[in-house]
Amino acid sequence: DTEVTQTPKHLVMGMTNKKSLKCEQHMGHRAMYWYKQKAKKPPELMFVYSYEKLSINESVPSRFSPECPNSSLLNLHLHALQPEDSALYLCASSQETALVIRNNEQFFGPGTRLTVL
Amino acid sequence: TQLLEQSPQFLSIQEGENLTVYCNSSSVFSSLQWYRQEPGEGPVLLVTVVTGGEVKKLKRLTFQFGDARKDSSLHITAAQPGDTGLYLCAGARPTGNQFYFGTGTSLTVIP
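Those protein sequences? They're chains A and B, same order as listed. According to our numbering, the stretch in the first sequence is residues 15 to 131, in order. According to our numbering, the stretch in the second sequence is residues 12 to 122, in order.
For the record, the hints were derived by calculation from the structure and aren't laboratory data. Treat the hints loosely; a few may be bogus.
[What the hints assert, rightly or not] Covered stretches of chain B, as calculated for chain A (at least 3 residues, CB under 8 angstroms): (1) 56 to 65; (2) 75 to 85; (3) 91 to 104; (4) 108 to 114.
For each residue, glycine too, the CB sits at the ideal point set by N, CA and C.
Isolated chain A, as found in the complex (with noise of 0.2 angstroms):
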């Protein structure tokens, strides 16, 4: 079992509502990321989760906060948004963070298409 679900499928939400992402994998796996994705480019990494603990963050504006409550989910609280914001945004996750295992390989769940208003 591959399997990365992402929840909500779609969202929308206005500029000062609070709304989350949600990401559950099943793998056992101890990395899991969120990637932002606008429409035709590759995706842009946001944040990365290894064993729990927040092991990369890109720069992204606080209006995104990750939470990894276990190691099967993870969270995006979402935040007083831009339209800007609006993108498909992916969850993934792999055995190991990329520096650990040479033939290390990502599973990205569907997504969730978001539009913020």
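Once you have looked at the hints, place chain B on chain A.
Relative to the frame of chain A, chain B by itself:
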């Protein structure tokens, strides 16, 4: 500056034609992955190459990792409309704790 450059950026071909997508870097990678992504969906892993010079085949798709582990190619034989999508390479470096994505190649196969 993007660590992995893909070419071409856009490609539109007729069904049945062959094509090659390139993923190039000046840096060495421990491994490279290739993904295909359809609009509104997450990237789907096609293959991982680890050893320099490695060639892997997946039906009509052939993947090659350069001898120096700095580049990779994806060759599709007799393209079909179902091959349409965004093709992404991604790699893990010997140092650093993240995967680096290529610039992407958007492929359209016309029936």
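Going through the hints against the structure:
no. : hint       : result
1   : 56 to 65   : holds (count 3)
2   : 75 to 85   : violated (count 0)
3   : 91 to 104  : holds (count 5)
4   : 108 to 114 : holds (count 6)
Violation of the numbered hints given earlier is confined to hint 2; every other hint is satisfied by the structure.
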